[in-house]
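> Residue numbers for the sequence shown follow full-length UniProt numbering, so the first one is 1 and each next one is one higher.
What the hints contain is simulated information worked out from the structure, not anything from laboratory work. Treat the hints with care, as some may be off.
Unchecked claim - Capping the alpha-carbon separation at 25 Å, the derived lysine to any residue pairs in SDA-like fashion look like this:
(1) 17 x 184
(2) 655 x 602
(3) 257 x 199
(4) 199 x 510
(5) 468 x 363
(6) 276 x 317
(7) 133 x 110
(8) 257 x 531
(9) 655 x 16
(10) 467 x 531
(11) 471 x 487
(12) 190 x 16
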Amino acid sequence: MTERNFTVIENEWITLKDGTRLAARIWMPEGADAAPVPAVFEFLPYRKRDGTCLRDESTYPVFAAAGIAGVRVDIRGSGESDGVIDGEYTPLELANACELIAWIAAQAWSNGSVGMMGISWGGFNCLQVAALKPPALKAVISIASTVDRYNDDIHYKNGTHLSAQLSWAATMLAYQSRSPDPELVGDRWKAMWLERLEKEPFFMEEWLQHQRRDTFWEHGSICEDFDAFPVPALVIAGWADGYRNTPLKAVEGLGPKAKALIGPWIHKYPHFAWPKPRMDFHAEAIQWWNRWLRGEQNGAENWPQVRAYIQDGPKPSIRREFDPGTWVAKSQWSTPEMECFYVEQYGTLAPGMPIAGAKDHDHYLRSPLDTGTMSGEWFTLKPDAEMALDQRPDDAGSLVLETAPLTEGRDYLGQPVLDVVLSCDAEIANLCARIVDIHPDGTATRVTFGVLNLAHRDGNAEPKPLKKGEKTEIRLVLDAMGYRFGAGHRIRLSLSTAYWPMVLPPPTDPGVTIDLATLGLALPALGEHEVVSIPEPENPDPLPTYNELAPSETARGVERDLTNGLTEYTIYEDTGLSEHPGTGLATRQVRDELWSIADGDPLSATGTATWTCDMQRPGWFVRTISTATIACTATDWLISATIRAFEGEDQIFEKTFENKVPRDFM
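Hey, can you work out the whole structure from these sequences and the hints?
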């Protein structure tokens, strides 16, 4: 299609049926009134004016130049939109999205066909909205999302409590506490701001009320009814991100309606993600939209069902710029053939079958509570220490089983499975399994991992305590992997009873006794495939440049107090102060987190996350400081949060949340 010029509507008010005005930014192709165009819609709480503008401005102008309108709308209570947010993926949010899709389709410039797109929150809700079947929604592109809100999001993972839950609750408190831009909303900015500050929820209070997989998490999980999902879905993720399982789960559940693409990336759009190689997301997305929103016969429906980057021995580093590997495609996805490994002798894994007549070989495992400091973040935004680092320090606190050096390379794609029989002298314990690539020089790259609250061994809806001292069969399904172990490398299985700070510990620290004779590790063989080429973007730096008024800063560290037996994990992220050259709005966000735990005392685990958010123009300055904390007793989670708001130097608002929530087999 011939490229055309476009205009940007900086702010368009869309009034919902209940009278709420939502703020939209629209990229409009030239001549759309005369020749209507399709539209791509993205619906987020992350503030179009100053939150997602960088990535929006890297993509929607390209769409508009190709004749596809972009409509980026702030969820109620976010950015310049009226009202107060009521939670995450709520019925109200999804109903508003359906109403907005109808509004877009009814505009004179619209051809009546709408696509929905997003990463993370926007990737989630585009799948959820599609499941509601708004008539004008014809296709979606979902990046870094989930089909199962309980097991593949930042809250819980197979019944374990992710520390990311507190981090994200603090993040959302900070995001939702920020002021609208007076340049767009006028004199009512302060009244809107104070309404948000007064009424916004602390999301973790609700999340902790649902520690098992109940109807709260079933809502919005499209895996509850894959058959009812109506439209084509391009589902994308990165191996370095917490949402790596979703593309394969989508094609397994949706069949030919879904296309999966998995690269080496962190939690970013793939045209500017790390580690490289990147992909030309714009060209692929335009082809996808033209097929399903215009009816163009361009063959998008014939893309392979799964395309994946098979990593070939990347090494952890201070900044991981590029992962070696190969793009492969499978025209039709099917359950992989599993290659099984067993314990040949103590400490050694070997392929084949269990040794006939093997006797029980019990191994007692009780990892130090700070095992896991090399884990990185559950979802990653930068290719630095947010990614998993060299695993040797964590392996020191783990049961390690590994193969002999491989005589030839082995390629895998899919989810590994660990089967084992174990016993425990408590009713609750956690088990973590990591697949690690041991390079010839000893470097240890984490390939994938899985965690399981053993009280959730038979499902997440109805946890049940372990029977103390009784041997119990356990199956742990690890996260998906796409990986080649090269000749001369070893495949290591590392088992631990702790994975802190990523996973918060259970109330006691009993350890587990593992029957090594029963242990079986199944790795998903790549099988029949085609080596393919995925085009990279022509522009190596597609993000726009803003005016830097103060530099950014990142720091992450682990400090062990050997005298008092205390480990602290610290995170400091300062975005720096940057000014948008078109709007003159300058913003800065600072994240400061501290996690601590004492040797042998799981009840000592605490976390504190503080965000400072600034917005300014000449003569106008506002700041919010939000802090969220978690601690615990043997029976309860103890959470609190505060939010303070400043206009200039004057504090104009303060609010505190405090709650005690019973632990539910966790």
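> List, from low to high, the hint numbers that the structure doesn't satisfy.
When the structure is compared with the hints, numbers 2, 3, 4, 9, 10, 11 turn out to be violated.
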